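Student: These protein sequence lines map, in sequence, to chains A and B.
Everything in the first sequence is counted per my numbering, starting at 1 for the first residue and increasing by one.
Everything in the second sequence is counted per my numbering, starting at 1 for the first residue and increasing by one.
By construction, these hints were calculated from the structure, which means they are not laboratory data.
Treat the hints with caution; some may be incorrect.
With beta-carbon atoms standing in for the labels, derived distance ranges [claimed, not checked]: (1) B:LYS148 / A:LYS177: 30 to 38 Å; (2) A:PRO439 / B:GLN40: 25 to 33 Å; (3) A:PRO439 / B:SER39: 27 to 35 Å.
Note that the coordinates shown come from a computational prediction; the quantities given were computed from them, not determined experimentally.
Yeah, the Cβ is synthetic: ideal placement off N, Cα and C, and Gly gets one too.
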Amino acid sequence: MNYNEKILRILPLVQRPARYIGNEVNSIHKDFNQTETTMALAFPDIYEIAMAYPGFQILYNTVNSQPQALAARVFAPALDMERLMNQHQIPLFTLENHQAVRDYDLLGFTLQYELSYTSVLNMIRLSNIPLRAKDRTDEDPFIMVGGPCAFNPEPLAEFIDFVVLGEAEEVLVEIIKTHQQWKKSGEARESFLEKVAKLQGVYVPSFYQVSYQQNGLISEVVPIHKSAPEVVLKRVIKEMDKVSYPLKPIVPYIEVPHERMVLELFRGCLRGCRFCQAGFIYRPVRERSVPNLCSQAEQIMNNTGYDEVSLMSLSSTDYSAVHELVAELNRILVPENVSISLPSLRIDNYDIELAQEVQKVRKRGLTLAPEAGTQRLRDVINKQVTSEDLYTAVSSAIEAGWKRVKLYFMIGLPTETAEDIDGIYELALKTANLGRHGPINVTVSTAGFVPKPNTPFQWAAQNTVQELESKQHQLKGLFRRHRYIKFNYHEARVSFLEAVLARGDRRLADVIEQAMLAGARLDSWDEHFDWQLWQQAFEDSGIDPAFYASRQRSYSEILPWDHLSCGVDKEYLWKEYLNALEAAVTVDCRQNNCTFCGACPNLQAEVLLTKGE
Amino acid sequence: MRYWIKFTKEGLQKYISHRDMLKVMNRTMKRARIPIAFSQGFNPHALISFSTPLELGVASITEFMGVHLTQELETEELARSFQLHLPPGFVIISVMKVPRTAPKLMAWIGFGVYQIKSDAFTAGLLKSFIGDISKQEEITVLKYSKKKLKKINAKPLIKQLDIVNGNELQATLQTGQSGNLKVSQFIEVFEQVSGQKIEEWSATRIKLLGLEQGDLLSPVALIHQNYLKEGSFCQVK
Numbered sequence: 001m002n003y004n005e006k007i008l009r010i011l012p013l014v015q016r017p018a019r020y021i022g023n024e025v026n027s028i029h030k031d032f033n034q035t036e037t038t039m040a041l042a043f044p045d046i047y048e049i050a051m052a053y054p055g056f057q058i059l060y061n062t063v064n065s066q067p068q069a070l071a072a073r074v075f076a077p078a079l080d081m082e083r084l085m086n087q088h089q090i091p092l093f094t095l096e097n098h099q100a101v102r103d104y105d106l107l108g109f110t111l112q113y114e115l116s117y118t119s120v121l122n123m124i125r126l127s128n129i130p131l132r133a134k135d136r137t138d139e140d141p142f143i144m145v146g147g148p149c150a151f152n153p154e155p156l157a158e159f160i161d162f163v164v165l166g167e168a169e170e171v172l173v174e175i176i177k178t179h180q181q182w183k184k185s186g187e188a189r190e191s192f193l194e195k196v197a198k199l200q201g202v203y204v205p206s207f208y209q210v211s212y213q214q215n216g217l218i219s220e221v222v223p224i225h226k227s228a229p230e231v232v233l234k235r236v237i238k239e240m241d242k243v244s245y246p247l248k249p250i251v252p253y254i255e256v257p258h259e260r261m262v263l264e265l266f267r268g269c270l271r272g273c274r275f276c277q278a279g280f281i282y283r284p285v286r287e288r289s290v291p292n293l294c295s296q297a298e299q300i301m302n303n304t305g306y307d308e309v310s311l312m313s314l315s316s317t318d319y320s321a322v323h324e325l326v327a328e329l330n331r332i333l334v335p336e337n338v339s340i341s342l343p344s345l346r347i348d349n350y351d352i353e354l355a356q357e358v359q360k361v362r363k364r365g366l367t368l369a370p371e372a373g374t375q376r377l378r379d380v381i382n383k384q385v386t387s388e389d390l391y392t393a394v395s396s397a398i399e400a401g402w403k404r405v406k407l408y409f410m411i412g413l414p415t416e417t418a419e420d421i422d423g424i425y426e427l428a429l430k431t432a433n434l435g436r437h438g439p440i441n442v443t444v445s446t447a448g449f450v451p452k453p454n455t456p457f458q459w460a461a462q463n464t465v466q467e468l469e470s471k472q473h474q475l476k477g478l479f480r481r482h483r484y485i486k487f488n489y490h491e492a493r494v495s496f497l498e499a500v501l502a503r504g505d506r507r508l509a510d511v512i513e514q515a516m517l518a519g520a521r522l523d524s525w526d527e528h529f530d531w532q533l534w535q536q537a538f539e540d541s542g543i544d545p546a547f548y549a550s551r552q553r554s555y556s557e558i559l560p561w562d563h564l565s566c567g568v569d570k571e572y573l574w575k576e577y578l579n580a581l582e583a584a585v586t587v588d589c590r591q592n593n594c595t596f597c598g599a600c601p602n603l604q605a606e607v608l609l610t611k612g613e
Numbered sequence: 001m002r003y004w005i006k007f008t009k010e011g012l013q014k015y016i017s018h019r020d021m022l023k024v025m026n027r028t029m030k031r032a033r034i035p036i037a038f039s040q041g042f043n044p045h046a047l048i049s050f051s052t053p054l055e056l057g058v059a060s061i062t063e064f065m066g067v068h069l070t071q072e073l074e075t076e077e078l079a080r081s082f083q084l085h086l087p088p089g090f091v092i093i094s095v096m097k098v099p100r101t102a103p104k105l106m107a108w109i110g111f112g113v114y115q116i117k118s119d120a121f122t123a124g125l126l127k128s129f130i131g132d133i134s135k136q137e138e139i140t141v142l143k144y145s146k147k148k149l150k151k152i153n154a155k156p157l158i159k160q161l162d163i164v165n166g167n168e169l170q171a172t173l174q175t176g177q178s179g180n181l182k183v184s185q186f187i188e189v190f191e192q193v194s195g196q197k198i199e200e201w202s203a204t205r206i207k208l209l210g211l212e213q214g215d216l217l218s219p220v221a222l223i224h225q226n227y228l229k230e231g232s233f234c235q236v237k
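I would like the entire structure built from these sequences, with the hints used as guidance.
Tutor: Now the structure itself:
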């Protein structure tokens, strides 16, 4: 059903009504009733956050480029809008046609962070779709999820029909085709799930049974359906130049965090930072070519009118032809007053000429991420930068005119001691004092470390909330003396909850559902995060969150995500974990020998650099 | 080269804030490949300016935008290529080439005329409101100014009130840098004076006017009267 009229009536009463009107430049409006497969593409957060995520445009573009399929966007309503929707009996609707989400064939969520899980459930609830997958009927869409958190979707397993592991461009098209065949066949709901379960990268949670031991550990995970493989292997695009990229991305009307066009230089990262999930789940590295990127930039510029282009990837200065690319792009962009931004600068290959070249039109701040305060701890996490690298980078930046620096650190890393915390202080202080006419302004941001699945630290215990808070307190005291250093930190309980959900299993379903029903949503927002709601939900479900966050695992333990594979072998991650404990570094396979992580052979893919060796 | 563009902001576009509209126009100019001029300096920005901001939720059939171009374009050509790339809800009405000596839009415009509708309006209610308000010297409304709540006297900011189409109110309000009353503030005034609560209302800005040698003129009239010899004008059909 279409709710356009009802929605227009409540728009004058909400904050930022433009969040709900759609119709932006380059949005796509296909005929809902004339399209075979309709998909509501959901991001479990509000409009501004959703539209700042470039991957969303890829999904939107992939589905809409299929002639008999359409994708329409749906985001979490802000609290004021949710209240009005309840009052006026308006179910969750898509932006493209103000159509009820429940009318769609597929409802796909992208899971970018664990704290969005309550919003996923709330959006299902607001759509009037049964929360649990087993309760859904032919009247309901199939609910699917993808994105980085899908590599351990177990906390949401009860609520979703199927999961997509890895890159979506190809498998999404296969899913749509499967859906069209299934629809024509007139077969039962389960037969669609049987069919998609056979596609590589698709995981149907209800086709697996999980059993537990007395002590709470998993005893086994077994497929209970003939079309379910033992291990589901992720999907990967082998050659980036061969898949299409959204050349007409939607241009939001209202301000979103990153208002610029985005070029995706490459996927994957081989640096091997041991805390970083993205560094393992997106392997191997595959680069796009310079001519391809330049032609994309020109077309996107003409189709959007943006005045900035962001060179995105997990570590953009690692792009093998980065100088060539920036020079070529500037040739196209400078006459149009379009500037380039390079979001992820590394300290070890920080190159002031490159930074200046990038900021030809507009100058931005400088953000660097040493991650840890001492060399020992940086070796533990395999972040191969030295404090000298940092000082050299900052000194040359100061010389070139930069006046403020942002430094990112993590606290609570495995093996961390008081000395490492002091190290953060010393590093920041010394950085500030590199200024030639008195200290420069430095902003120090610390995040509590969250051990993630599919990383060498997936077995590690997280610091307790008390430990994290005492470290924050120590730093706060140290920095208080220096006016020119600004110290920020994340709420420790947020990191704790993140850790519980990140490595959780199916037994968390009741907790998430109860927290959501009690009012938890948009938990990643400081102003909405309410630990009380979660604490109550844990108590009511008889679940100890510390079991998930603060417990050290052994290698023999069956992890909730062991039957899902990103290509990197579990043995390799364990070996890397042991290396971490010894503070032994592992060098990037682009500069050295193969490290035998398993990604290339398992995925039948290879590292693809645009500039050869 | 300096141009003024008259356009509408209607339909869903009334939910786009002034600030966001600025970006919409910037990007539209870029997509249309209109040779917009940029400021010099560290952080160059496009030389586009607007008439007085329209409140969120209020539509308009008469907005103005001033642009500087690096090359001379025929007014017809500018109107055509700009309209082609504008999102729905924005319609170009006319384009004028204006000389350097013309005033700045934002500084010159002083009044807006708004047509306000509400189910709560009746001819009788409007008539007694207009009668009552003329007897009052001071009507206080609250206004946020730099995040601080300030009391302002709304009375001198209301220039004229007329009843049109039987039960609609046409209000000429001060709209500009030297004094500004938003429609929502005017509704507050209405509620205070009439004692009638207005739950739902809608409004459209139908005119923008500036004071020129004692006369209230629209920007189009200003150009026709004083500057057209040096400029040019095109009305979009």
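Student: Are the hints correct? Go through all of them and say.
Tutor: Hint-by-hint comparison with the structure:
{"no.": "1", "hint": "B:LYS148 / A:LYS177: 30 to 38 Å", "result": "60 Å, violated"}
{"no.": "2", "hint": "A:PRO439 / B:GLN40: 25 to 33 Å", "result": "32 Å, holds"}
{"no.": "3", "hint": "A:PRO439 / B:SER39: 27 to 35 Å", "result": "32 Å, holds"}
The structure does not agree with numbered hint 1 stated previously, though it agrees with all others.
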